[in-house]
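Enquirer: Residue numbers (my numbering), protein chains in the order written: chain W, 4 to 268; chain S, 91 to 393.
These are computed hints drawn from the structure, not numbers from a lab. There's no promise every hint is true.
For the chain W half of the interface with chain S, some residues (derived, Cβ under 8 Å), not all of them [to be verified]:
hint: 1; residue: Ala17
hint: 2; residue: Ser123
hint: 3; residue: Ile228
Just so you know, even glycine gets a beta-carbon here, dropped at the ideal spot from N, CA and C.
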Amino acid sequence: MESRATRIGFGIAAALVLAFLWIPILIILAYAFNGSILQTWPVQNLTLHWFREAWHDQEVRSALWLSVKIGLISTAVALVLGTAASFAISRFQFFGRESVSFLLLLPIALPGIITGMALSSFYTFAGIGFSIWTIVIGHATFCVVVVYNNVLARLRRTSPSLIEASMDLGADGWQTFRFVVWPVLSTALVAGGLLAFALSFDEVIVTTFTAGAQTTLPIWILDTIQRGQQLPVVNAVVFFVVVLTVIPVIVSQRLTQDSGLLRRR
Amino acid sequence: MSELAQSGAPVRSARLRLSAELWRRPWLKVVALLALPVLAFAVVYLGSLVALFISSFWQVDAFTGKIVHTWTFANFSSLIHDPVYRRIAFRTIWIAAAVTVADAILAFPLAYFMARLAPPRLRALLFVLVLLPLWTSYLVRIYAWRTILAKDGALNWALNGLGLPDANLAYTNTAMWIVFSYVWLPFMVLPVYAALERIPDSYLEASQDLGGRSWRTFRSVILPLALPGIVAGSIFTFSLTLGDFITPALVGGANSQFIGNVVHSYVGISNNVPLAAAFAVVPVIVMAVYLLVAKRLGAFEAL
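The whole structure should be built from the sequences, with the hints applied where relevant.
Expert: Right, dumping it as structure tokens:
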């Protein structure tokens with residue numbers, strides 16, 4: 004439909020925008036192998052030294068461990084709450100349904116700084132001291148949304164008559180869940196869970212308000228960049244963080260691709 | 091359904107009876123499913139937001155540093171009357187708008203190519219190539235630009251290679267504009283792509299049959315139909331820029347403070363939560379107005 008010139012023009016523009024998206028990421032990944040302590044481009048004397056340095060750094064280790072713990076707990080909370088809510092919203096009509104779905108989306112509609120501040124003043128009011136749990140509560144608010152959206156999308160594409168059919172054939176609730184609902188949902192749950200973990204693992208804004216003196220990995224990165232010291236170690240950590248968040252995204256992308264099964268016709 | 095998983099009754103007939111009972115009373119299931127999430131959200135999240143809003147009408151005692159629970163508009167009036175706050179609020183909103191425009195211009199050709207020109211396999215690949223930067227830590231992406239824009243960074247290296255002088259962009263408002271546009275670009279590409287993909291080919295054929303040249307077709311058919319997608323994307327680019335304080339802190343200069351930076355320092359360093367809360371109300375109001383306009387432009391159907 005489009006003329007040849009238009010096609011080529013759009014093709015070139017699209018390639019340029021993609022280059023704009025990717026070049027900075029590739030550059031920062033290359034810095035992880037920089038042999039010099041100075042942050043100059045191009046990278047010189049390639050080395051793996053900084054990975055070893057980062058691995059043996061006690062601060063990095065404890066920050067990483069804290070981030071992993073928070074990610075796992077927030078994801079678990081999000082899986083339970085997000086799945087329950089998406090079932091209620093997709094399968095039932097009830098008073099206040101719209102408000103509930105709006106309420107669940109609020110944490111991603113409002114800027115993170117509002118969520119962070121609100122929670123931090125809530126903790127102050129309630130006299131709750133900062134702990135790993137104050138961070139988990141902050142992360143769970145937006146992780147729930149991710150799981151909720153993923154599961155909701157899957158439920159919308161699945162016909163509710165599958166469950167009715169299973170009940171008609173004499174299955175009880177548990178059997179229906181085990182043999183009908185679970186196979187349909189499992190990949191959406193894994194995908195939602197992975198995305199929630201990725202989101203929690205590199206969240207900074209809400210965390211700065213809910214962490215107190217604790218240091219998660221992104222907070223360690225932010226502090227170290229601002230101090231301007233140990234930048235080569237930061238580069239190695241950054242490489243690791245990028246890889247660790249990219250893998251779950253690719254896996255979840257694979258899992259949510261439509262298999263064509265169980266579609267509503 | 092999932093709540094039945096917990097019943098675990100050993101006798102099958104009892105489980106069947108329970109299933110039947112629940113089937114007859116759907117409201118019971120709704121209550122069981124929603125009790126936990128709604129309680130958690132309504133109490134913790136909404137409660138926090140309300141607490142934040144209320145505290146914006148309180149004051150901090152200058153001597154003790156404690157919050158005084160007396161109702162006052164003092165925070166808001168000092169925000170309105172102090173030119174420093176006004177300048178910061180204006181800068182935040184202005185850059186958020188500039189970022190939104192830049193992202194719309196950058197996102198369109200890529201989204202158009204993905205939606206209408208790329209063969210299916212290439213389209214799937216492009217989709218992943220847009221999605222991955224979105225999920226790559228945004229802190230990392232800001233840091234990447236901090237090193238690129240630095241004096242010995244990749245940008246000046248490339249410019250010098252072309253025989254051009256250094257671009258002294260590091261720690262300026264221009265740097266913030268570039269970095270914000272970069273960081274939120276995928277949020278614009280995806281909804282515009284979704285909007286463009288939904289345009290039926292027959293619309294374009296009809297336009298051509300009626301004598302519309304490509305520019306006319308673009309302006310009168312494609313652009314109006316893409317608009318809801320652009321507005322949907324702009325909700326993200328605008329809102330995320332309004333609430334940010336990491337980008338100004340990492341790539342901004344001395345005159346680059348955002349609302350977020352002021353709020354952050356009032357909460358963290360000077361411990362003046364009421365004033366911070368009052369300032370945080372500004373982006374919320376701006377966003378509320380923006381969302382109302384977006385809703386009228388049909389952006390919510392495009393999300």
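Enquirer: Decide, hint by hint, whether the structure agrees.
Expert: Now the hints, each set against the structure:
1. Ala17: holds (4 Å)
2. Ser123: holds (6 Å)
3. Ile228: Result: holds, 6 Å to nearest chain S Cβ.
In summary, the structure agrees with every hint in the numbered list given earlier.
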